[in-house]
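Asker: Residue-level listing of the chains:
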Amino acid sequence: MDQTTDMARRSRLPIRARLATTVGGAAATVSRLAGRGDGSVIGGVIGLRLEPGLLSLLAQGRQVVLVTGTNGKTTTTRLITAALGALGQEIASNAFGANMEAGLTSALSRAPDATLAVLEVDEKYIPAMLEATAARVVVLLNLSRDQMDRAAEIWMLARRWRAALAAAPGCRVVANADDPLVAWAAGEARQVTWVGAGQRWRDDSWCCPHCGSHLLRDGDDWRCGECSNRRPPVSWVLTGDQVIDPMGRARRLDLALPGRANRANAVVALAVADAFGVSTAQALRELRNVTSVAGRYTQVSRRGCEIRLLLAKNPAGWLEALDVLAPPPVPVLLSVNAQGPDGRDTSWLWDVDYRRLRERPVFVDGERKMDLAVRLEADEVPFQLVSGIDEAVGLARAPHLEVLANYTAFQQYRAVLGRAV
Amino acid sequence: MGYGYPGYAGRGLRLVWIYPDLLSTYGDRGNLLVLERRARLRGIPVDVTLVNSDQRVPPDGDIYLMGGGEDLPQILATRRLRADGGLGAAVHRGAVLFAVCAGYQMIGREFGGAEGQPMEGLGLLDIRSGRGERRGVGEVVADVDPALNVPRLTGFENHQGVTSLGPGAKPLARVLTGVGNGDGTEGAYAGRVLGTYLHGPALVRNPGLADLLLTWAAGPLQPLVPAAEELALRLRGERLAAVGS
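Residue numbers (this note's numbering), protein chains in the order written: chain A, 293 to 713; chain V, 3 to 247.
Treat the hints with care, as some may be off.
As the list claims (entries may be wrong) - Computed beta-carbon distance windows for the label pairs: (1) Ala116/V x Thr531/A: 33 to 41 Å; (2) Asp645/A x Asp56/V: 18 to 26 Å; (3) Pro153/V x Ala690/A: 38 to 46 Å; (4) Arg42/V x Asp513/A: 32 to 40 Å; (5) Glu672/A x His94/V: 30 to 38 Å; (6) Gly532/A x His94/V: 51 to 59 Å; (7) Gln631/A x Leu235/V: 22 to 30 Å; (8) Gln631/A x Leu226/V: 29 to 37 Å; (9) Ala420/A x Ala116/V: 20 to 28 Å; (10) Gly140/V x Glu672/A: 29 to 37 Å.
No lab work stands behind these hints, which were simulated from the structure alone. Here a beta-carbon is modelled for each residue, glycine too, at the ideal position from N, C-alpha and C.
Extracted from the complex, chain A is given alone in its bound form:
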């Protein structure tokens, strides 16, 4: 980083904010060196304590993209950052998923010269972060049940998004038209780019968010049987492995990242790139180079076994992740925890349909492995309980192992396999 421009930007900040970014940055470095984390939150926490308005000050003069939704935030943030890379400018981003105020603040203070910022935001914080950053673009991916012991309920969240976006006329919303809750939340925004990104998980959107009547569905199309609420006309569409742009041109995506959900995330990223003047052809070249995201989809070798790590945190995420698994007889290791970031309630396991795991070896691990064991028993899926990834590798005696874990379980495996993952 060029130190003079760094100084120049900082010198535009009020003195307290300047001190706050410097002290916060020092704390982040200490945190990294001490091996306590990647330093993506601690700096922001300290900075905000010294200057509560720090995020607004740091966001001034930058073009900010906020990315939210229940699933795919981290990956989509990474894809948008990659696509905007075609502009050749430095981009600030909270690439490791620290998505509350402190994480956003750290990301911006670490990149004082970046005129662009792509930031993932926790669903609850969108109204506050939209106000603080005066974002140019807000991306709404999807909304489904997730960690309800700590998150607000989703109809309520959709209502808050709707009010916040209606109050931000200068902001462009890029929203998934195939998710009725998302479409309703974006429904009063002034400028919307609608994307037909699909929706695998539908158990949270059988009813109209506007009037509560049963929605009529036909493929990806949906409309309310009672009121005028219906799927908005889309300008970007994912169909199979192809994206169709607003001019009606179809292109193959050919991503390195696996799965339908990531193709949907990529189409959203292309729509955002287009809003910044990056051509689809240029953006696609960048997207195809993304092979893993914060450890997700990473392949590692362990005792002669090729392990692939997949993260899924809630029923919609598990549904998409089960689609991504290599076909049987490749064995699968499932791991579930219920620490704070996972949600302390494991009820969601009963919203996932595990029956398609019946035809392959299944290993079950994690701090809440008994919850998962009882769940698999009810779906008549044979399995073995294990303690740790090495026991699964030993028992599997296979060249490949697919690993699917929720948040802290995934981080524990990453720690075992080394931070390189």
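Guided by the hints, dock chain V onto chain A, whose structure is given.
Answerer: Then chain V, alone, in the frame of chain A:
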């Protein structure tokens, strides 16, 4: 299949899940799967019916299940169930009704609406619910009314409701850990209608409660072979130990 329970010869035990499209927020399917499994393990044939909110509620079910939901779906579901009338008719005929969380509040005389205002419930259980000061979120442990002969309850609650019981309902349990109804009791029952704040898959960790509902519907049950419930009992023991009760 079909042996041992003459009452079900030629006809399965009919489980009816009410409005999974509106009232299924927290893994409520678990209750259906547990009842189905424990009935089948005893050779009782089972028919499962899912009734969406745009469909009629069949009046000839044996066990009706109601799950959790947010404020707005709770109000909509109540309005539709009142207009439909099928559930009320079934309960008056003696069918079993098991309702959790939002469903528990709905089957009472009154519950708190989106802004806390009183809403008229289905009146199938003599309870009244309102909105409390703060949300009860976390593990629950409660000792069940000895008359029901069901082991200690373990589960998870996540609600802001406060429920008081009228003379026509009895508390299901006494709270050892957690909030429950808000007065030291948890849940309520009368006849074959039973409700609880243990949300979502409440029967998973409480196979004794599942068997109580099956007994109400199908008469005395054969015991299960130990291997069939070993995992559920291990999970149960683990959760009770984790809460320290």
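Asker: Hints first: check each against the structure and report whether it holds.
Answerer: How the hints compare with the structure:
{"no.": "1", "hint": "Ala116/V x Thr531/A: 33 to 41 Å", "in the structure": "39 Å, holds"}
{"no.": "2", "hint": "Asp645/A x Asp56/V: 18 to 26 Å", "in the structure": "23 Å, holds"}
{"no.": "3", "hint": "Pro153/V x Ala690/A: 38 to 46 Å", "in the structure": "41 Å, holds"}
{"no.": "4", "hint": "Arg42/V x Asp513/A: 32 to 40 Å", "in the structure": "38 Å, holds"}
{"no.": "5", "hint": "Glu672/A x His94/V: 30 to 38 Å", "in the structure": "37 Å, holds"}
{"no.": "6", "hint": "Gly532/A x His94/V: 51 to 59 Å", "in the structure": "53 Å, holds"}
{"no.": "7", "hint": "Gln631/A x Leu235/V: 22 to 30 Å", "in the structure": "25 Å, holds"}
{"no.": "8", "hint": "Gln631/A x Leu226/V: 29 to 37 Å", "in the structure": "33 Å, holds"}
{"no.": "9", "hint": "Ala420/A x Ala116/V: 20 to 28 Å", "in the structure": "23 Å, holds"}
{"no.": "10", "hint": "Gly140/V x Glu672/A: 29 to 37 Å", "in the structure": "31 Å, holds"}
Hint violations for this structure: none, all hints satisfied.
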